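Starting from the given sequences, assemble the full structure and let the hints guide the process.
Chains as they are written, first to last, in my numbering: chain A, 1 to 219; chain B, 1 to 386.
Honestly, the hints are just simulated from the structure, not real lab data. Since we're looking at a predicted model, the values are computed, not measured. Every residue gets a Cβ at the ideal spot worked out from N, C-alpha and C, and that includes glycine.
Simulated restraints on C-beta separations:
1) 211(B) - 52(A): 34 to 42 Å
2) 150(B) - 105(A): 16 to 24 Å
3) 307(B) - 210(A): 42 to 50 Å
4) 333(B) - 52(A): 55 to 63 Å
5) 202(A) - 150(B): 24 to 32 Å
Below, computed lysine-lysine pairings styled on DSSO-like, alpha-carbon distance capped at 27 Å:
6) 88(B) - 131(A)
7) 202(B) - 88(B)
8) 203(B) - 88(B)
9) 131(A) - 125(B)
10) 131(A) - 124(B)
11) 172(A) - 13(A)
12) 202(B) - 120(B)
13) 120(B) - 131(A)
14) 124(B) - 88(B)
15) 203(B) - 125(B)
16) 120(B) - 88(B)
17) 123(B) - 88(B)
18) 120(B) - 203(B)
19) 131(A) - 123(B)
20) 88(B) - 125(B)
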Amino acid sequence: MSGIESWFEYLSKRWDLVASTLLETLGYVVSVTVAAAIVAITVGVLTRNRAFPRELSLAIASVFLTIPSLALFTIFIPVVGLGFWPSFIALFLYALLPILRNTVTGLQGVDSSIVESAKGMGMTRLQILFKVELPLAWPVILAGIRVSAMLTVGISAIATLVAGGGLGDFIKSGLARLPLPNSLEAIWTGVILSLLLALAIDSSMRGLGRLTTSAGVRS
Amino acid sequence: MNAHDLDPLHEPRALIELVNVEKTYPGAEQPAVRDLSLAVREGEILVLVGPSGCGKSTTLRLINRMIEPTSGSIIFEGADVTNTDPNKLRRQIGYVIQQIGLFPHRTIAENIGTVPRLLKWDKKKTAARVNEMLELVGMDPSIYGPRYPRELSGGQAQRVGVARALAADPDVLLMDEPFGAIDPITRDRLQNEFLRLQAELKKTIVFVTHDIDEAVKMGDRIAILREQSIIAQIDRPEVILTDPADDFVENFLGSGAILKTLTLNRVRDLDLAPVPPVLPGASRTQALAAVEESSSGVAILLDAQEHPVRWVDRRSLDNAAKPIEQAGRSVNVMLQPEDTLQDALSAMLQTSTGMSVVVDGRGRYLGCVTIESLASLLVQTQNGAA
Ligand SMILES: Nc1ncnc2c1ncn2[C@@H]1O[C@H](COP(=O)(O)OP(=O)(O)OP(=O)(O)O)[C@@H](O)[C@H]1O
Ligand SMILES: [Mg+2]
Numbered sequence: 001m002s003g004i005e006s007w008f009e010y011l012s013k014r015w016d017l018v019a020s021t022l023l024e025t026l027g028y029v030v031s032v033t034v035a036a037a038i039v040a041i042t043v044g045v046l047t048r049n050r051a052f053p054r055e056l057s058l059a060i061a062s063v064f065l066t067i068p069s070l071a072l073f074t075i076f077i078p079v080v081g082l083g084f085w086p087s088f089i090a091l092f093l094y095a096l097l098p099i100l101r102n103t104v105t106g107l108q109g110v111d112s113s114i115v116e117s118a119k120g121m122g123m124t125r126l127q128i129l130f131k132v133e134l135p136l137a138w139p140v141i142l143a144g145i146r147v148s149a150m151l152t153v154g155i156s157a158i159a160t161l162v163a164g165g166g167l168g169d170f171i172k173s174g175l176a177r178l179p180l181p182n183s184l185e186a187i188w189t190g191v192i193l194s195l196l197l198a199l200a201i202d203s204s205m206r207g208l209g210r211l212t213t214s215a216g217v218r219s
Numbered sequence: 001m002n003a004h005d006l007d008p009l010h011e012p013r014a015l016i017e018l019v020n021v022e023k024t025y026p027g028a029e030q031p032a033v034r035d036l037s038l039a040v041r042e043g044e045i046l047v048l049v050g051p052s053g054c055g056k057s058t059t060l061r062l063i064n065r066m067i068e069p070t071s072g073s074i075i076f077e078g079a080d081v082t083n084t085d086p087n088k089l090r091r092q093i094g095y096v097i098q099q100i101g102l103f104p105h106r107t108i109a110e111n112i113g114t115v116p117r118l119l120k121w122d123k124k125k126t127a128a129r130v131n132e133m134l135e136l137v138g139m140d141p142s143i144y145g146p147r148y149p150r151e152l153s154g155g156q157a158q159r160v161g162v163a164r165a166l167a168a169d170p171d172v173l174l175m176d177e178p179f180g181a182i183d184p185i186t187r188d189r190l191q192n193e194f195l196r197l198q199a200e201l202k203k204t205i206v207f208v209t210h211d212i213d214e215a216v217k218m219g220d221r222i223a224i225l226r227e228q229s230i231i232a233q234i235d236r237p238e239v240i241l242t243d244p245a246d247d248f249v250e251n252f253l254g255s256g257a258i259l260k261t262l263t264l265n266r267v268r269d270l271d272l273a274p275v276p277p278v279l280p281g282a283s284r285t286q287a288l289a290a291v292e293e294s295s296s297g298v299a300i301l302l303d304a305q306e307h308p309v310r311w312v313d314r315r316s317l318d319n320a321a322k323p324i325e326q327a328g329r330s331v332n333v334m335l336q337p338e339d340t341l342q343d344a345l346s347a348m349l350q351t352s353t354g355m356s357v358v359v360d361g362r363g364r365y366l367g368c369v370t371i372e373s374l375a376s377l378l379v380q381t382q383n384g385a386a
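Here it is, written out as structure tokens:
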């Protein structure tokens with residue numbers, strides 16, 4: 001039997017498991033990306049006019065990315081136990097930097113003369129933020145969110161090591177059983193589904209980008 | 001319409017007053033504006049002009065409180081607004097900057113509707129006003145309304161900037177080098193358009209420039225500023241040009257001060273020479289008759305839109321081999337009534353006849369001006385001033 005055929009057979013006997021782990025990974029991606037976007041955009045907005053807190057928060061977010069993932073996933077177990085939460089926290093910390101970085105870049109990229117004329121017409125600070133600065137920075141911010149979502153798909157495979165579920169389960173069980181039958185098929189399942197999920201998320205976020213970006217600033 | 005046309009005994013009331021205003025930027029040792037008192041009269045264009053860094057923009061931005069004065073007060077329409085809500089004040093004052101700052105993510109129509117929306121006008125009223133504004137600045141609303149700023153040329157963007165500033169019908173317009181970043185030809189056209197507009201609208205305008213020629217052309221009054229926005233002289237342009245207060249002003253005016261008096265008068269002040277038009281489709285005989293009747297021996301051939309196209313004289317019409325549409329020389333340089341005599345002189349020097357064609361805002365033929373009419377006006381002015 002060829003590799004592909006045996007993989008399909010492996011899959012066909014486990015649709016339920018495939019679906020539930022896929023959903024778990026998707027759950028991480030959505031919850032982590034949303035939470036990280038809320039926090040990172042808020043921080044980026046609050047620090048946009050002050051260099052020191054801005055650089056400090058960027059530095060902190062960068063430090064998270066340098067911590068080895070295995071360590072970051074396990075470090076919170078004493079506090080929150082095993083399962084979803086240590087994985088969520090680790091993924092959340094990783095997802096902050098791309099969004100924060102792009103929020104800062106996007107807001108700094110707004111031409112100061114545009115803000116000047118908005119102020120000159122009597123728009124309040126909040127109106128300028130929500131009607132001018134954020135809409136203009138949005139394509140850049142969204143690109144950051146997309147990177148974070150991709151990052152989360154990949155790194156969430158580690159969640160299986162702290163009993164967090166997700167597509168990593170296939171990879172872990174395959175690795176543990178190598179070279180027994182179906183072990184390679186299990187690894188493929190984890191890898192290929194992660195890849196497909198990443199592609200699906202990427203293209204749907206590009207679509208979202210087109211829908212939410214004004215034709216006047218679309219490239 | 002110009003402040004100097006008005007009876008000096010009935011000095012118009014001051015719409016904006018700066019009283020002992022001082023501004024020191026945080027961290028600066030010297031104030032950028034020192035103890036400035038200045039009144040802007042209703043309906044005038046007051047030009048602030050001075051060397052780079054003298055505090056023109058700072059002064060302008062103090063008026064709509066883009067920056068807060070360190071001390072002193074700002075009076076707007078008779079009320080002290082130094083400590084009122086700045087956003088409310090700004091919605092009553094149009095503001096145009098050199099970079100224009102159109103919102104790239106909004107259509108032209110939405111850009112122009114910005115202040116009406118802030119003032120909570122209803123949709124219908126805003127839309128009607130937006131169309132009116134676009135027409136005012138000579139742009140077709142159905143074509144340009146739905147476009148985005150990046151689809152505009154520099155000159156069009158500048159017109160939209162002015163339309164946006166005028167949308168809520170403010171009494172006052174603040175303009176910081178509005179035509180500074182535009183090529184000379186377009187700038188000249190925009191200046192003319194703007195003066196025509198102002199003749200109708202009669203707004204109170206504070207206009208910043210570092211270009212003395214632009215100041216003389218645009219200003220009913222000019223304030224020449226030195227470092228720290230100290231007023232070196234404030235008066236009507238002709239007084240400043242003929243009677244500079246001190247060396248600083250004289251230096252700032254430069255060597256061509258007498259020549260600049262050419263920018264004080266407009267083409268519309270000149271007598272039009274009787275150069276008859278030849279309508280499209282006219283026969284050679286009719287054209288010749290027009291030339292005969294003309295005291296200068298030339299006539300102007302018009303096209304169907306009444307745009308002047310060619311100069312014709314007797315000799316060029318005698319050549320029967322050429323259709324009259326190709327007789328004579330083409331009209332290359334045209335003046336508008338708002339152009340200065342300086343523009344007129346340089347236009348006349350480009351034609352061998354010392355004559356130049358004048359057209360209205362839509363390019364329709366009005367008549368011709370001659371170097372003699374220019375000279376006689378100058379003599380009159382000199383005698384009048386003496
Ligand atoms: N935001 C600011 N913070 C600190 N100093 C400033 C600020 N804006 C202007 N200045 C200083 O105040 C002085 C006046 O500046 P301003 O911009 O008013 O000059 P200007 O006459 O408009 O010059 P230009 O013709 O070059 O536009 C300058 O010395 C400038 O460096
Ligand atoms: Mg300036």
